[in-house]
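Line order of the protein sequences matches chains A, B, C and D. Following the working numbering, the numbering of the first sequence begins with 3 at its first residue and continues without gaps. Following the working numbering, the numbering of the second sequence begins with 3 at its first residue and continues without gaps. Following the working numbering, the numbering of the third sequence begins with 652 at its first residue and continues without gaps. Following the working numbering, the numbering of the fourth sequence begins with 652 at its first residue and continues without gaps.
One or more of the hints may lead you astray.
Claimed, not checked - Dumping the calculated BS3-like pairs for lysine-lysine here, alpha-carbon to alpha-carbon at most 27 Å:
id	chain 1	residue 1	chain 2	residue 2
1	B	112	A	307
2	B	284	A	284
3	B	112	A	112
No wet-lab data here; the hints were simulated from the structure. Predicted model, so just to flag it, every value in this text is computed and none were measured.
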Amino acid sequence: MTELTMGKALTAAMRRALADDDRVLVMGEDIGRLGGVFRITDGLQEEFGARRVVDTPLAESGIVGTAVGLAFRGFRPIVEIQFDGFVYPAFDQIVSQVAKLHYRTQGRVKMPITIRIPWAGGVGAAEHHSESPEAYFVHTAGLRVVAVSNPQDAYTMLRQAIASDDPVVFFEPKRMYHAKGDVDLEADIADAAPLGLARVVREGTDVTVVTYGAQVTTAMDAALAAEDEGISLEIIDLRSLSPIDYGTVAASVRRTGRVVVTHEASREAGVAAEVIASITEKCFHYLEAPPLRVTGHDIPYPPAKLEHHHVPDLDRILDAVDQVLGRSSNVPEVTA
Amino acid sequence: MTELTMGKALTAAMRRALADDDRVLVMGEDIGRLGGVFRITDGLQEEFGARRVVDTPLAESGIVGTAVGLAFRGFRPIVEIQFDGFVYPAFDQIVSQVAKLHYRTQGRVKMPITIRIPWAGGVGAAEHHSESPEAYFVHTAGLRVVAVSNPQDAYTMLRQAIASDDPVVFFEPKRMYHAKGDVDLEADIADAAPLGLARVVREGTDVTVVTYGAQVTTAMDAALAAEDEGISLEIIDLRSLSPIDYGTVAASVRRTGRVVVTHEASREAGVAAEVIASITEKCFHYLEAPPLRVTGHDIPYPPAKLEHHHVPDLDRILDAVDQVLGRSSNVPEVTA
Amino acid sequence: MTDTLTPATVVASDTEDVARLLDHEGRRVRDERLEPWAADVDAPMLRQVYRDMFLARRLDAEGVALQRQGHLGLWAPAQGQEAVQVGTAWACHDDDFLFPSYREIGIEVVRGVQPQDFVLVWHGAQHASWNPFDVHVANPQIIIGAQSLHAVGYAMGIQRDGGDQVAVAYFGDGATSQGDVNEAMIFASSYGVPVVFVCSNNQWAISEPVELQSRTPISHRAPGFGIPSLRVDGNDVLACIAAMRWAADHARSGRGPAYLEAVTYRVGPHTTSDDPTRYRDAGEVAYWRARDPLTRVEAYLRSLGAFDDSFAQSLTADAGRFTAAMRSAVVGAVAPEPLRVFDNVYAEPHSGLDEQRARFASYLDGFVGGAS
Amino acid sequence: MTDTLTPATVVASDTEDVARLLDHEGRRVRDERLEPWAADVDAPMLRQVYRDMFLARRLDAEGVALQRQGHLGLWAPAQGQEAVQVGTAWACHDDDFLFPSYREIGIEVVRGVQPQDFVLVWHGAQHASWNPFDVHVANPQIIIGAQSLHAVGYAMGIQRDGGDQVAVAYFGDGATSQGDVNEAMIFASSYGVPVVFVCSNNQWAISEPVELQSRTPISHRAPGFGIPSLRVDGNDVLACIAAMRWAADHARSGRGPAYLEAVTYRVGPHTTSDDPTRYRDAGEVAYWRARDPLTRVEAYLRSLGAFDDSFAQSLTADAGRFTAAMRSAVVGAVAPEPLRVFDNVYAEPHSGLDEQRARFASYLDGFVGGAS
Ligand SMILES: Cc1ncc(C[n+]2csc(CCOP(=O)(O)OP(=O)(O)O)c2C)c(N)n1
Ligand SMILES: Cc1ncc(C[n+]2csc(CCOP(=O)(O)OP(=O)(O)O)c2C)c(N)n1
Ligand SMILES: [Mg+2]
Ligand SMILES: [Mg+2]
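Just chain A, same shape as in the assembly:
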């Protein structure tokens, strides 16, 4: 075990993948000499050369589109999108090519592309630097989507994503880049939990809180606070957003009968809506209260000085917990 930040764990995962498989490449803006604006690729170009750790012209569609061509030639490109808000120029290549080529070609052309996206807010950034676009990709068949919450997962899941023959959109919560944790750099990824599984990160009996990414930490904080009031929260880190591991979620909800889903992305047709619709279908008769969402508002990401009113905090999670427990009168009403 080595103590690493999430950022360094990600670097280690790429270093390992580059060393193990010479078809692996890393490409993106400023990822070479600079090591990326977050330094996640720090040192990789020096170690593996500019042919394998490739600074690209400033064009995201070009980056993803050429990664597709490299995959045609048998490479396994890891693409870094500099910030979440800059993935949209590549949307066409991701949705119409990366996601569909394996289907289109009846499995003949594989797209083992990992698209790494420094993701979401809470870091006081400028506009377009705090987006949570994961639902777009979850809604896109043909992609796998994962979101990491801690250094060990960052390391293991990035290696799994690179090893996957499917394209993986890999979300890295920016506000966790400096979070530290023990990482087992030697473990065989075959022994780790598969990429598609959720994890119960805290057991509890009263309410199931489902979340992912940096919100896992917020949910854990909420669980601690709730404990003081005698409320026991079970926290599930989804880890994978496509597929979603409903086995793990449903097992928990069947025990607790109450569920809160929280994420930072906006609410309408977001991942929480998906989780609630599926869980309601699968666990209807176990539910004691309507599952609730605690999400970002349906607004463009606000200016930095206002972001703490947008990104759900511990209090907003606890408020929803109170509601599903019937301890709050603030139950939603239809306004129309």
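Once you've looked at the hints, dock chains B, C and D with the ligands against the given chain A.
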């Protein structure tokens, strides 16, 4: 009242808007001399000239990006995207500019842009010509999203969309372009139901079926078939997907206690998930059974010869109706 | 000062300002730029080339017929564009990898794509037919321009492998307006990769004339990106072979990308759904019919004494067998199995989709004898 | 044959192959292309221009200081780029509409943007500050290249209104790789609209040198799109004024778009978060510091006897007042009201968001004294 196809109703709406307001423009690929590949802009260039009905170079980001600039100058562009699958190259301009400029500029720069999209499948088309991307836009704050199901709505809602100071993504179901209906071309749009409201298109007592676009017709067919079996379906045409009129939906669900949501788009994090999550929250204690989704599969749109196994038909809707009524043993199980 | 550049005065629609080796009548003319690349093209080879052009022409006509008879949902005719398609493909090595759009029938003929593989996609049975790794041709791209970046990425791969192939991006005049095609030139030039861009300027993008996309000849764009270009008569197969040999040699020898604009004409409609009488004159079509790419090779071969009736008969017979096989692949074809819609969405198991598939299978089982 | 074009041999990084009117020492040199456009620029005017450059320099330094002291989240320094920014803006009419990126401080100074409006965005209080219709400058764009299409669309509007304005798209060297910037040239050329493209080639896109984006000088791209271009010394304000006058006149007089590449240098880091020592030499920075755009105007004005101590003092005093106002706008600024996050998402009521707002308001009311 005039009997018109949906296609002609849309043409009439644009003709009227072009005649009434000289800041209105139409732009897109092949919309001028050709009148669009679906002939929806037929005759408009001849009538209003090439300065107002503008054939554009073949670049969707360019089309939407220049529409943004025209809006800066006080114009009200109507943009035609030739087919649903070709909107993705414009995704960045739509999500980062069209949707956000009013918010970014604190209301100073309005984006009264209507983005018309011939939409969805069922017409035996080639790949990329049958996409249902509406959830991407519903999830994008700052946009309004509507989907029309009949000629009268096509006419009225397109005029309302053009008149709106907000950007509207306007979905036109291709398989309804030739459907006919009476259209009141003279009515004042101020007298019509506002753009954001749903409509109960058939009253019923047993199950609420929520849908939109071409699926309204399929749902109506299902209602007729159900009637034969003594089951009464209430059919709601959402019309607007952002906002969604939960007042109308909830009122119905409180009466029926059972709900099926159907659309052609894929399922994960789709609009049906949104409707079910919200309705479960708002009507939990009225629900007699878990709300169910009947949607396209989570697959890229399949080849034409297979599309009828993807686009939900009457039988699949009735199967879900049976399930929410407890008449079927085919109740979903968690597999994991 | 190199920077007071002003645009050329030639306009995009000037279709005579091109490099050419066979004139409209099939007479051999000289072009100093192209001569070295055409020196070894003899009559036997040109007969083979003609054979492919002829097959492409017949195959295309059969596609139109099958569509009219309801066996195909759509067809995108290539009539008039056989020279650029067949010629550029002939100039390539077998393992050069080609990334076509939906209209490049001729290159697929050269690469030996099988009869059924020309029709199963338009028939609606599948999104792509042949195995791209067998013929070194990607399946046709529908999203305008997207394949240009794939070709550049593939060429980045060749560069890394030290391979001696080139990648070829095929696209139309309309496609040159897409961001992707421009980004493709930028990436290709930046990395100096072995890719050739082939723009088949057939004067129209559906109803839009090429002047709407470009005020200057399309070939003029590439040099600004650091890519040498050549504007060639796209209806002259000899010129197309020569130009492509130059371009491929340039790319193959490590000198970076090259660009061809082949000036040609789409004689038919954009697709079988299109009505070109709404946007162009009969006179224009007649002008181009008189510049048919097949006629002039035939005339040239005749002048060399290399075209006789028995050759013509063998072409017709071969094409007849080919088109018959196309027809039998779709006439009376059985509908694919419903559950095939779930195949190959992912390369590895996906619990969500696997559950959907299982549910749908049991739903289908609920019908007597399964669903249709 | 016009089509055997081969790329120029000049490379993108050759920063001396530029049109110039003031050399590095501030001596007036001749450039026949630019002379007619500089003839009436006299010392009094140049003093005004210098005033704006000086203010931009000071304002920029204050931004960096405010960021270091924790009052701003970020700052994107413009040091070294004052000449192209101030010069091109000076050459415009007041109602020409400018579409800048995030680094165009100088053009905003020329247009009279107020002190607080330079800092409130980086402070994190709002996404945009000034009213674009007051100063005819759009709020700075962060998505690289997106604004180039907005400028072209705006120019399409001018064309339709019969206005005599031009629209100006400002962007960097890195931005030229984006599809949008290329599509902007295509639309502009196709319609012949009154737009000027100004590429501030400051040699770097964060850590990426311009040669990664372009092997040829960036100005060479425009002519291929039918757009005349000029490569100008971006550190020579007189040349920038003259070149922009030529370009704006070209566009304004109905001859279609024009393109300027201004060769300049980003002396500071990309932003205050950047560490340029990781990717570039101190020597390169020193080279460019010696070509400072302010120094040479000062030297030229001195040579004309138009720069003395009292002028210098008045500049310093004015800038001091300006930067003090910047500072007081953010130091001790009160946090915006929480519910403001919901304002202006839509221009018209939206039932979904209105419900969310109401819920959040009642949630906030649940805290004693409301939430922070
Ligand atoms: C991104 C995208 N936008 C629009 C279309 C619709 N479309 C199909 S073909 C075509 C015209 C293409 O013209 P060109 O590139 O000249 O090729 P050609 O058809 O002439 O061979 C258009 C607009 C598309 N397929 N993809
Ligand atoms: C679409 C997009 N991709 C990436 C970025 C991140 N980014 C911000 S500035 C920058 C470099 C821009 O370089 P250039 O265009 O030369 O302008 P400069 O910063 O030098 O003024 C990058 C990559 C962005 N803002 N937008
Ligand atoms: Mg064409
Ligand atoms: Mg730069």
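Now for the hints, and whether the structure bears them out:
Distance hint between residue 112/B and residue 307/A is fulfilled; the C-alpha atoms sit about 24 Å from each other, no more than 27 Å. At most 27 Å may separate the alpha-carbon atoms for a hinted pair to count; residue 284/B and residue 284/A meet this at roughly 19 Å. A distance of roughly 44 Å separates the Cα atoms of residue 112/B and residue 112/A; the hinted pair therefore is violated under the 27 Å criterion.
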